[in-house]
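Novice: On the provided structure of chain A, position chain Z as indicated by the hints.
Below are the chains, spelled out letter by letter.
2 protein chains.
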Amino acid sequence: MEVNVKGKFAGRMATMQRSFIREILKVAQDPNVISFAGGLPNPDYFPIEPLRVAADKVLAGQGARALQYAPTLGNPELRQFIAERYQTTCGLDVPADDILITNGSQQGLELVAKILLDPGDHVILESPSYLGGIQACSLFQPRFVTTPLLADGPDTAVLAQHAAHPQAKLLYALPNFQNPTGITYSASKREEVAAILQENELFFIEDDPYRELRFMGEDLPPITVYGRRRAFLLGSFSKIVAPGFRMGWIVAQPELMDKLIIAKQASDLHSNYVSQLIIAQYLQDNDLDAHIATIRQAYGRQRALMVAMIEELFPADVQYTLPEGGMFLWLTLPNGMSAMRLFETAVKRNVVFVPGDPFHVDGTGQNTLRLNFSNCDAAEIETGMTRLAEVLREALIRKP
Amino acid sequence: MEVNVKGKFAGRMATMQRSFIREILKVAQDPNVISFAGGLPNPDYFPIEPLRVAADKVLAGQGARALQYAPTLGNPELRQFIAERYQTTCGLDVPADDILITNGSQQGLELVAKILLDPGDHVILESPSYLGGIQACSLFQPRFVTTPLLADGPDTAVLAQHAAHPQAKLLYALPNFQNPTGITYSASKREEVAAILQENELFFIEDDPYRELRFMGEDLPPITVYGRRRAFLLGSFSKIVAPGFRMGWIVAQPELMDKLIIAKQASDLHSNYVSQLIIAQYLQDNDLDAHIATIRQAYGRQRALMVAMIEELFPADVQYTLPEGGMFLWLTLPNGMSAMRLFETAVKRNVVFVPGDPFHVDGTGQNTLRLNFSNCDAAEIETGMTRLAEVLREALIRKP
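Residue numbers (the working numbering), protein chains in the order written: chain A, 3 to 402; chain Z, 3 to 402.
By construction, these hints were calculated from the structure, which means they are not laboratory data.
If a hint is listed, it holds; no wrong ones were tucked in.
Pairs involving identical chains hold if they fit within one copy or between any two copies, as the list cannot separate such chains.
DMTMM-like mimics (lysine to aspartate or glutamate), calculated; alpha carbons at most 25 angstroms apart, straight line:
no.	residue 1	residue 2
1	LYS28	GLU392
2	LYS59	ASP46
3	LYS10	ASP100
4	LYS10	ASP120
5	LYS350	GLU396
6	LYS8	GLU203
7	LYS261	ASP120
8	LYS8	ASP100
Isolated chain A (complex conformation) (with noise of 0.2 angstroms):
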């Protein structure tokens, strides 16, 4: 069958869009608006002072190295401290060779997308689930199923009816602080994920960029601990550095890495050289935990104040998340309140936040929607909430 296709693109952009929450951040950008929306982390705990010393000490001494082509994988140092860092923070081994440096987490999850997934696939993704992961897999047509998210993680009933499925290929989940809703898997859904993904073969995107992030509660094991098989687990520097250097990484066992190596070199060569030096000598040089720990006692504080303004302020019949670290919590509103026509009146009282319809792939969550608490200082956490909350009783006093 000859079809003309001049002048078209491709069928995989047909129902592509741009990111909602984009397109939300140039609003957010008006300094009059009070934005909850994005995930942005606190500029004043970027380690600006001393990232501008390792910068001019890698220029200075290694200048020719690090504006030169270089290997795919990424560079040496930098991944033997990731290697390193599991080992020490969550007891997980892997060589430093099973680690891909990605420009952010967001091009992991495009990248093993890309290896993994033929029209048709089934993705089973958290409901609601990341943005983000779900654009990436939709570059490449597969088909989504759900499983509804409680409290303590997935619906484990339905996640193994969806594993069973021979058409079911991967799992995307985010088992801390999960974006968008804050919850975090507890130790017994994660042993139970883990039997069930080994159990069906499915492969597995654990996508943790918030792990360091924990403010109150006990750490857990990444699930991949529980077997390396087919398991891509993604981090990022985003949220413990700075996002600006889109910085990240893919942990995968070697026949997975093959492969992601292959597209990696296609979509890009390597990731950004410099960048990479620059980080590494930052980490040589400072103390991350004592930072990471500064920036979870800031987010600790921010999301104790988010709450403490939803309890006095908010009608009593929305509901919240305590999330134990990340930079989101997750509200949803009476049945049958729109999120996005509260989003509308929002706008104009100069306070954003993310409505939760793009965190559904199924046309659910109309009632939900998405606080970030990372990105606004205590003044800014107050002004918004009292606008959001003045917002909010109107709407409930106008709904019939």
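Specialist: Frame of chain A; chain Z shown alone:
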């Protein structure tokens, strides 16, 4: 039809291999080996100190901006610089909003392939063509058809025939100092190609990373000046500043840009912002023209020396191109000789190049090879070419 997909990679990975060039580069790491293999710029001409100053200025003066999440399109000042440079250097009039910053040209290739190609679409290549472009397209499973490259550009009769096919979608070409051959399209060939593109409504990737590296002859306008409707013009800072930043761009009109932005968001949100600001600062504070003049002069000398060595030492029946710029020249050995076998002998004598095979998608070109002249100084060129001449003469004697 339900097929069990468990544990299987995507169909697109079945025929993909690691880049042969990137594998050769590993051999070339041995300090005893003289490498004419890579496409590496000469690190002696990296503006290390000015970049160190620029990095310091950016992190000291606008650290929080540089380190935060940033717009998908890229830094406005940097895009404005690129737009103005097209205006002054080749009369191409593009608004800064038609420029998307990418992770080197390679990501440009991948994004365009991603938004355009369905399996089976015809991609017209020059023969030989750049391996990275072939790889970026291959992921999306097109059918490649080829147009022979003559001394002044493609065989336009063959090109016109391919372009008329109903499944022809995209022409991929490098009109300036092509990689791998070093061939440059004449002015009349550019016009002919532009006419064929328009008549047949073909999309067009004009891959143009070497344009500013002309050391003889006259500048010619990009083919894109004849029509931008379906053109993607790719550029890069890798050859004129430094490749370690992985910083390139795509010029495309709004309808095309809209799809590129969606693909870029799903791929990695945006490119490294720290590096964009550093390059923008470097360009503001330094004379890029003077810097490029130094590189041109050096590469011109290196190319002249390499050609002189060929003329002096190589067997008379070895043909070679005479590039007016760029980083490569192209050798054609006598019929029946295998460049791959020659490579095996050459490695043992500590000199490497890239055999022509991987630049051909149709199994031809076994008696061709690519030589890089940008990454070696005069002493290395003399020693390396002497070694290569010996290997060649011995191979010709052995040849039945």
